[in-house]
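Engineer: Heads up: the sequence lines are chains A and B, in that order.
When we follow this note's numbering, the leftmost residue of the first sequence carries the number 1, and every step to the right adds one.
When we follow this note's numbering, the leftmost residue of the second sequence carries the number 232, and every step to the right adds one.
Worth flagging that the hints you see were computed from the coordinates, not collected in a lab.
Beta carbons: idealized from backbone N, C-alpha and C, even for Gly.
Among these hints, one or two may not hold up.
[Unchecked claim] Below, simulated DMTMM-like cross-link-like pairs (lysine to aspartate or glutamate); rule was C-alpha separation at most 25 angstroms, straight line:
| # | chain 1 | residue 1 | chain 2 | residue 2 |
| --- | --- | --- | --- | --- |
| 1 | B | Lys390 | A | Glu109 |
| 2 | B | Lys390 | A | Glu222 |
| 3 | B | Lys471 | A | Asp133 |
[As the list claims (entries may be wrong)] Beta-carbon label-pair distances, calculated as ranges:
| # | chain 1 | residue 1 | chain 2 | residue 2 | range |
| --- | --- | --- | --- | --- | --- |
| 4 | B | Arg376 | A | Arg22 | 25 to 33 angstroms |
| 5 | B | Lys233 | A | Lys165 | 53 to 61 angstroms |
| 6 | B | Pro315 | A | Glu164 | 43 to 51 angstroms |
| 7 | B | Leu469 | A | Gly40 | 44 to 52 angstroms |
| 8 | A | Glu74 | B | Pro315 | 29 to 37 angstroms |
[What the hints assert, rightly or not] Taking beta-carbon pairs under 8 angstroms as the criterion, some of the chain A residues facing chain B (in silico):
| # | residue |
| --- | --- |
| 9 | Leu53 |
| 10 | Leu56 |
| 11 | Phe108 |
Take a look at the letters that make up each chain.
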Amino acid sequence: MGASVTVEEACKNYGTLQVIDRWSLNISGGERLVILGPSGAGKTTFLRLIAGLENLTSGSIRVSSKQVGFVFQEPRLIPWRTVKQNLLFVNQEADVDGMLSKLKLTGFENYLPAQLSGGMQQRVNLARALIVDPRLLILDEAFGSLDLRVKLSIIRDIIDQWQEKRFTMVAVTHDLKEALCIADSILIVSSRPSQIVHRFSVHLERGHRAFTDPELLRLESELLSIMSEIQ
Amino acid sequence: MKPWIRSFLGIVLFIGLWEALSRLLDKSLILPKPGIVFRVLGQLLVQVNTYNIALQTAWKVLFALGLVLILGVFLGLLLGLVKPLNDMSRPIIMVIQAVPVISWLSLVIFTWGISWEGPVFIAFLSLLPTAILTTIAGVQNLDRRLLEMARIYRVPWLKVLKEVYLGSLLPFFIAVVDVSLGQAWKVILVAEFLCGDQGLGVQISWARQLFNIPGVYAYTLLAVILGMLTERVIKYYLGKVKKRWAPA
């Protein structure tokens, strides 16, 4: 079961610069939440806060499990270690071959990151996050630099894994379609100092969703109008 | 033309220039003819004692280098990670770096007299600052994002040290060996010349006192050949380590 996340009046300042202003929300176990908002609104900061990489200025964040997987914007693989060694680095006892197979990385076990394409590196980044059997999976603009085909394929893999493990997902993206493909609910935040301005429920089938699904396209235009009202 | 042929031609050209210059100067006390030097070198090479002498110098070089690497990398790691310590120790490192070999010499002679410890200590102090400063630069160049990743996945620190720190530091470690090895030979020879009990430096010193100038050149040539050989061997093994750790 996925971890639950409880955020109460969370504020984050960097010196005199306030980034996050009194965010309060609950993310239930197994929920898939996507955060949308303008650049510099503290979305990545929020992810870092729930991952325990940074401390709040005030307020509180409680995550019910410490088993966290983080798919970074850039792959952050150890350059001098092979794909397999990169996965073993975070979990020595894991079934690496099984995970590589699930993420279509079989045959690339002994490749170094530099020998892989951007899409493959991002797959390894995802495999590393999943191999720790996370209760909370965090995705920070994980598909931003990928072409559409690779992006769709990786989203499909994530949904497959979610269907199997039902971990909680918190993602940040700028792509509305991508958000609608993943999310159960979408959190819309304002510009800095950011506040939560809307929580949008996505009533779509929780399995695989197509970018061309008419209901998804309708929700996209609805979302777009909400966002343009906010900005 | 193959590289080894070019290198061989370079050596022939060097000997030719040496021969020409020695004929031009015609002062065997300054520059003896290469033929004479090579003859002396040949005589030295057939004596078992020469190898004992060369070994005396070689082990000092390797011992000093080993000490420098162990302590230099350890201290560099520590100072690179703890900034206040780095700030405090920087003036000390700078002082050690600036002190000339000759100043250490007096201290060494008073402490150990004429012995093997002196040359090793002098070489150690001469090379240590470079090793520390290079390692500090390596730590400061470390990809912090990898450390952050390791933190999220709660990877044990010993594993992080081995996989992330050592991997990142390896190119700097190789640079330390690269710079230090040649330096170590030179410093040990000078120190042996001035305060050593045995070794090639001592032999050069005696040859000079006896006006055996071809002997000075022959021992120098022997030191150069040994220096190049150790460099080749160490670089070969470092290359293997590099291939295993940082093939990219």
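Engineer: With reference to the structure, classify each hint as holding or not holding.
Structural biologist: Quick rundown of the hints versus the structure:
no.: 1; hint: B:Lys390 with A:Glu109; in the structure: holds, 20 angstroms
no.: 2; hint: B:Lys390 with A:Glu222; in the structure: violated, 49 angstroms
no.: 3; hint: B:Lys471 with A:Asp133; in the structure: violated, 36 angstroms
no.: 4; hint: B:Arg376 with A:Arg22: 25 to 33 angstroms; in the structure: holds, 29 angstroms
no.: 5; hint: B:Lys233 with A:Lys165: 53 to 61 angstroms; in the structure: holds, 60 angstroms
no.: 6; hint: B:Pro315 with A:Glu164: 43 to 51 angstroms; in the structure: holds, 49 angstroms
no.: 7; hint: B:Leu469 with A:Gly40: 44 to 52 angstroms; in the structure: holds, 46 angstroms
no.: 8; hint: A:Glu74 with B:Pro315: 29 to 37 angstroms; in the structure: holds, 31 angstroms
no.: 9; hint: Leu53; in the structure: holds, 6 angstroms
no.: 10; hint: Leu56; in the structure: violated, 17 angstroms
no.: 11; hint: Phe108; in the structure: violated, 15 angstroms
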